[in-house]
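Position chain B relative to chain A; hints supplied.
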Amino acid sequence: MSKVIAVISGKGGVGKTTTTANIGLGIAMQMKQCVVVDFDIGQRNLDMILGLENRVVYDMIQVMDGEATLEQALIRSKANRNLYFLPASQTKDKSVLDSEKISKMLMELRKKFEYVILDAPAGIESGFEHTIEFADAAIIVVNPEVSSIRDSDRAIGILDSKSQKAKIGHEVEKMLIINRIDPEMVQKGEMLEADDILEILGVELFGMVPEDKGVIDASNQGQPIILNKKSDAGKAYRRIAKRICGIKVPVERPKVKRKGLVGKLKGIFS
Amino acid sequence: MFSWFKKKKSAKIAKDRLQIAIMSDRAASDFPFMEELKRDIIEVIKKYKGVSNIEIKKASDKDIEAISIEVVLE
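Keeping their order, the protein sequence lines are chains A and B. First residue of the first sequence? That's 1 in the working numbering, and the numbers climb one at a time after it. First residue of the second sequence? That's 271 in the working numbering, and the numbers climb one at a time after it.
Okay, chain A solo, but in the shape it has when bound (with noise of 0.2 Å):
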């Protein structure tokens, strides 16, 4: 009963790692048993962003290697015990991942958890497929930006060819977040809206989060924006998580702020 999803973008930089972080932990927040899988060998960075890095011992190739246990790989996250994390190896290179390896590890991964996330690598070669070779899911981030939308119809476009799910004929689910949207630039037609998005690529949309400077600040701390109630990205997230966990939410556009009085008061004392 278990899901896989893999968290893609086709291009980096567009919010990944965080976007798999939150999502992560908001399933958590939903009583879930979820664990996040960084599968950026080489690159490890979703255990800054979760604020977890002193606590890496294990790595994910050391359990597929069968050089360490997956119990003792496992690390549980503060923030919320329902979240553990697998740790991408640091030292290794993409070349050592094997199909068969990660088959096995996923399986494992599935008796224990509800939900299973990986953090895909940016890029559409060999460490991308693996991850989303077994996935019966797929979350696509994308920025409102030329080149992260047309990088992500390719990676769509492998996810459609390579995945085990397409092989055997079943489409792979796919969630479409629009990430670090600046509402006013929509609204003066510098930035592409939504609807657009959803033309070009064809998919279906799963989330949108505005662009929110707090991001920074969370990651600084290696406390993702979603524990930050006031939080507009945060607030987006929960939802987000909440629609992967089955509850209706409806997808909410990020608005335009007025600055009235108090706004802009805010503003000086902040």
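Hints are supplied without guarantee of correctness; some may be wrong.
Unchecked claim - Capping the alpha-carbon separation at 25 Å, the derived lysine-lysine pairs in PhoX-like fashion look like this:
id, chain 1, residue 1, chain 2, residue 2
1, A, Lys255, A, Lys213
2, A, Lys78, A, Lys257
3, A, Lys255, B, Lys282
4, A, Lys242, A, Lys111
5, A, Lys255, B, Lys285
6, B, Lys279, A, Lys255
7, B, Lys328, A, Lys162
8, B, Lys319, B, Lys308
9, B, Lys278, A, Lys188
10, A, Lys229, A, Lys32
11, B, Lys285, A, Lys174
12, A, Lys174, A, Lys104
13, A, Lys229, A, Lys257
14, A, Lys174, B, Lys328
15, A, Lys255, B, Lys278
16, A, Lys32, A, Lys112
17, A, Lys257, B, Lys279
18, A, Lys111, A, Lys167
19, A, Lys32, A, Lys255
20, A, Lys101, A, Lys112
21, A, Lys230, A, Lys78
22, A, Lys111, A, Lys3
23, A, Lys3, A, Lys165
24, B, Lys328, A, Lys167
25, A, Lys174, A, Lys242
26, B, Lys282, A, Lys257
27, A, Lys92, A, Lys174
28, A, Lys188, B, Lys279
29, A, Lys174, A, Lys32
30, A, Lys78, A, Lys111
31, B, Lys285, A, Lys188
32, A, Lys78, A, Lys101
33, A, Lys104, A, Lys94
34, A, Lys242, A, Lys229
35, A, Lys213, A, Lys229
36, A, Lys32, A, Lys167
37, A, Lys188, B, Lys317
38, B, Lys277, A, Lys188
No lab work stands behind these hints, which were simulated from the structure alone.
Positioned in the frame of chain A, the structure of chain B alone reads:
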């Protein structure tokens, strides 16, 4: 005088450019037999009339997949 009113919004430009770029990306990636297809069509038409140029374009969205073939005769 009011030319700035007519200026195309950059989001619209982005959409138009993306549609074209992605269309050709998709054609190249999942239509590896495009060149062969071109050769075959030329062979067939050449039986009746010479061909000076042929262009095949692929378009698709989530519901349909289509190709359009333009053959320029000599």
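Task: Unsatisfied constraints (hint numbers, rising) - done: Violated: hints 2, 19, 27, 32, 36 and 37.
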